[in-house]
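J.: Residues per chain, in single letters:
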Amino acid sequence: RKEVEQDPGPFNVPEGATVAFNCTYSNSASQSFFWYRQDCRKEPKLLMSVYSSGNEDGRFTAQLNRASQYISLLIRDSKLSDSATYLCVVNPGYPSTGNQFYFGTGTSLTVIP
Amino acid sequence: SAVISQKPSRDICQRGTSLTIQCQVDSQVTMMFWYRQQPGQSLTLIATANQGSEATYESGFVIDKFPISRPNLTFSTLTVSNMSPEDSSIYLCSVPGTEAFFGQGTRLTVV
Chain P
76 RKEVEQDPGP
86 FNVPEGATVA
96 FNCTYSNSAS
106 QSFFWYRQDC
116 RKEPKLLMSV
126 YSSGNEDGRF
136 TAQLNRASQY
146 ISLLIRDSKL
156 SDSATYLCVV
166 NPGYPSTGNQ
176 FYFGTGTSLT
186 VIP
Chain S
7 SAVISQKPSR
17 DICQRGTSLT
27 IQCQVDSQVT
37 MMFWYRQQPG
47 QSLTLIATAN
57 QGSEATYESG
67 FVIDKFPISR
77 PNLTFSTLTV
87 SNMSPEDSSI
97 YLCSVPGTEA
107 FFGQGTRLTV
117 V
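Just so you know, the protein sequences line up as chains P and S, in that order. Residues in the first sequence are numbered from 76 upward in steps of one, following the working numbering. Residues in the second sequence are numbered from 7 upward in steps of one, following the working numbering.
Just chain P, with the same shape it has in the complex (with noise of 0.2 Å):
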């Protein structure tokens, strides 16, 4: 079983529409949690980071379920400049810093005019 599992897409949305990712981690100890955005040819860059209690910054709330250990991303307004990929990731030691990180497939994301 994978490490972190999540939906590749692709999802095409009309601007305007809201869309939402959702991604499962096998490691039920895991402290840390992402989600990542690469937009074509860049390489990953951190959206945000997701706390037990959901946490929300403009447009983008992303929510832990621990007890179903799943992530979900939700895009609200979507642009087209949200158009990316979008990359659960999971941390299962920090904050023993040292710890690799674990990468989903990554969602794809096209917002249409």
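Since the hints were made in silico from the structure, they are not lab data. We put the beta carbon where it would ideally sit given N, CA and C, even for glycine. Mixed in with the good hints there might be a few duds.
BS3-like, lysine-lysine: derived pairs with alpha carbons at most 30 Å apart [as the list claims (entries may be wrong)]:
| hint | chain 1 | residue 1 | chain 2 | residue 2 |
| --- | --- | --- | --- | --- |
| 1 | S | Lys13 | P | Lys120 |
| 2 | P | Lys117 | S | Lys13 |
| 3 | P | Lys154 | P | Lys120 |
| 4 | S | Lys71 | P | Lys154 |
| 5 | P | Lys77 | P | Lys120 |
| 6 | S | Lys71 | S | Lys13 |
| 7 | S | Lys71 | P | Lys77 |
Computed from the model, here is a short list of chain P residues facing chain S with C-beta under 7 Å [what the hints assert, rightly or not]:
| hint | residue |
| --- | --- |
| 8 | Ala92 |
| 9 | Ala95 |
| 10 | Leu121 |
Keeping the supplied structure of chain P fixed, place chain S upon it in accordance with the hints.
T.: Same frame as chain P, but now just chain S:
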């Protein structure tokens, strides 16, 4: 936070040759990771580079094909040896912290 300078950003190489990718970090870090991202795929960990010891390779990756150096706590190199078209990929170095920090990536095309 960590800032990582990775080079080259891209290269086109002949099969059978080797390419060395460098990553320089602006602070001392214990571990550095090397990833491969094949077209349309997510990141696959190649190896963990530890200063002062041999790199630790993941299943499917071997030192003869991907030798790694880690001469100090701020620098590492990954060599892709005896390249074939199947090695065409993006190679990324990364360091862990409160998040995963990445170099800009090296886009390798083998012809």
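J.: So, alanine 92 of chain P near chain S? Judge it on the closest CB pair being under 7 Å.
T.: At about 24 Å, which exceeds the 7 Å cut-off, the nearest Cβ of chain S leaves the hint on alanine 92 of chain P violated.
J.: Below or equal to 30 Å on CA atoms is what counts here, so check lysine 13 of chain S against lysine 120 of chain P.
T.: At roughly 18 Å apart (the allowed maximum being 30 Å), lysine 120 of chain P and lysine 13 of chain S satisfy the hint.
J.: Starting from lysine 117 of chain P, check that the Cα of lysine 13 of chain S is at most 30 Å away, please.
T.: holds (14 Å)
J.: Do the alpha carbons of lysine 71 of chain S and lysine 13 of chain S lie within 30 Å of each other, as the hint requires?
T.: holds (19 Å)
J.: Taken at face value, is the distance from the CA of lysine 154 of chain P to the CA of lysine 71 of chain S at most 30 Å?
T.: violated (43 Å)
J.: For a C-alpha distance cap of 30 Å, please report whether lysine 71 of chain S and lysine 77 of chain P respect it.
T.: It holds: about 25 Å lies between the C-alpha atoms, which stays within 30 Å.
J.: Does leucine 121 of chain P pass the interface check with chain S, least Cβ-Cβ distance below 7 Å?
T.: holds (5 Å)
J.: Taken at face value, is the distance from the CA of lysine 120 of chain P to the CA of lysine 154 of chain P at most 30 Å?
T.: Status holds; Cα separation ~18 Å.
J.: Answer holds if the nearest beta-carbon of chain S is closer than 7 Å to that of alanine 95 of chain P; otherwise answer violated.
T.: This interface hint is violated because 19 Å lies over the 7 Å limit.
J.: Is the Cα-Cα distance between lysine 77 of chain P and lysine 120 of chain P 30 Å or less?
T.: holds (22 Å)
Checked against the numbered hints above, the structure violates hints 4, 8 and 9; every other hint is satisfied.
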